[in-house]
Amino acid sequence: MSDHTRPQPFCWRAHSISHPGSVRAANEDAVLCRDDVQLWAVADGMGGHNRGDLASNTLVRHLERTDARPSLADAVDALEDSLLNANRAVLNYAQTHLHGAIMGSTFVAALIRGNLGFVAWAGDSRLYRLRRGELRALTRDHSRVQELADQGREDPYSVGANVITRALGVDEFLPMDMTLFSAQHSDTFLLCSDGLYNVLDEQALIKGLSLESNQLACQYFLDTALQIGANDNVSAVVLRAVPWSAP
Amino acid sequence: MTQASFADLLKDLAAQYNAGRLSFEQFRALRRTLLRDAEAQYLAPPPPPFGDHYTPPPEDDVTVVPPPA
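Chains A and B are the protein sequences, given in the same order. Per the numbering used here, the very first residue in the first sequence carries number 1; after that it's consecutive. Per the numbering used here, the very first residue in the second sequence carries number 1001; after that it's consecutive.
Just so you know, these hints were derived from the structure itself, not from any lab. Do not rely on the hints blindly, as some may be mistaken.
To be verified - Okay, the calculated beta carbon distance ranges per label pair:
| no. | chain 1 | residue 1 | chain 2 | residue 2 | range |
| --- | --- | --- | --- | --- | --- |
| 1 | A | Gln146 | B | Asp1037 | 38 to 48 angstroms |
| 2 | B | Arg1021 | A | Asp74 | 16 to 26 angstroms |
| 3 | A | Ile206 | B | Arg1021 | 21 to 31 angstroms |
| 4 | A | Gln227 | B | Ala1029 | 25 to 35 angstroms |
Claimed, not checked - Some residues of chain B that are not near chain A, with every Cβ distance over 10 angstroms (derived):
| no. | residue |
| --- | --- |
| 5 | Asn1018 |
| 6 | Ser1023 |
| 7 | Arg1031 |
| 8 | Leu1035 |
Said to hold, decoys possible - Here's a subset of chain A near chain B, in silico, CB distances under 7 angstroms, partners left out:
| no. | residue |
| --- | --- |
| 9 | Ala73 |
| 10 | Arg113 |
| 11 | Val163 |
| 12 | Pro175 |
| 13 | Met178 |
| 14 | Leu180 |
| 15 | Ser186 |
Remember, it's a predicted structure, so these values are computed and weren't measured experimentally. Virtual Cβ for every residue (Gly too), placed ideally from N, Cα, C.
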């Protein structure tokens, strides 16, 4: 095969932001950027419960220790092991230190190998893909609002807008969804907490993801969210492809 | 008949596991088979450290499709 026809190897590089927002004193979100193993995540500690920050940070700490695995099948197993260990750790902490009170975290975690991506999630943290100017959510919220929308309710936001139906740390069984997606070298991906997409509309998300670098995109998201008045924590991981080079 | 995509098959596997119709071991084994099939179809072997070979990408997720049985 000549160099002219040989496909250009590429990998994915990310930048992230995580901020308490305009109102809240504490940041219960946590983010993970592991370009070294092509793994990224956003975790959103559950508000209104005890120690949501501990839950989200426990999750990210476990993902930071996830082994490097070249194959996607192996990497997904390792990711799942880390998530299950984090789930047990959060449950154990709550039982030991909080008398069994619930603390938890939503999460979205993505792996990419070449042009094949994998995403696992629980709760309402999301993965978006911008492709040729079109923004698409690749995850589907586990929330009361989503359930009502699925049932065809005209105004799902009228009831239980903040109710999350799945999260890590809530039960010994961790019910997460997962799927595969395609990743083209011209795509840009966004993992984020609800504190971002609840204040920025689709056009603002597209505008940010269309900026020339991941850093600029993250800064745009944070500045815009704060300008509007983010009443929740704001977290985002933006990733896009770069020519592959040895680490 | 529309052929199920790898993405849909994985979603379905997870849904079956979440509903208690598969054990953890069954779920993991079936998922590994599925992911290996997807990798074989869409990643050029052997990949450098993390599978960064470029394969002409499908136009959308629906085209991440396993071959006919």
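Consistency of the hints with the structure:
no. : hint                                     : in the structure
1   : A/Gln146 - B/Asp1037: 38 to 48 angstroms : 30 angstroms, violated
2   : B/Arg1021 - A/Asp74: 16 to 26 angstroms  : 25 angstroms, holds
3   : A/Ile206 - B/Arg1021: 21 to 31 angstroms : 39 angstroms, violated
4   : A/Gln227 - B/Ala1029: 25 to 35 angstroms : 50 angstroms, violated
5   : Asn1018                                  : 4 angstroms, violated
6   : Ser1023                                  : 12 angstroms, holds
7   : Arg1031                                  : 7 angstroms, violated
8   : Leu1035                                  : 4 angstroms, violated
9   : Ala73                                    : 4 angstroms, holds
10  : Arg113                                   : 3 angstroms, holds
11  : Val163                                   : 18 angstroms, violated
12  : Pro175                                   : 4 angstroms, holds
13  : Met178                                   : 5 angstroms, holds
14  : Leu180                                   : 4 angstroms, holds
15  : Ser186                                   : 9 angstroms, violated
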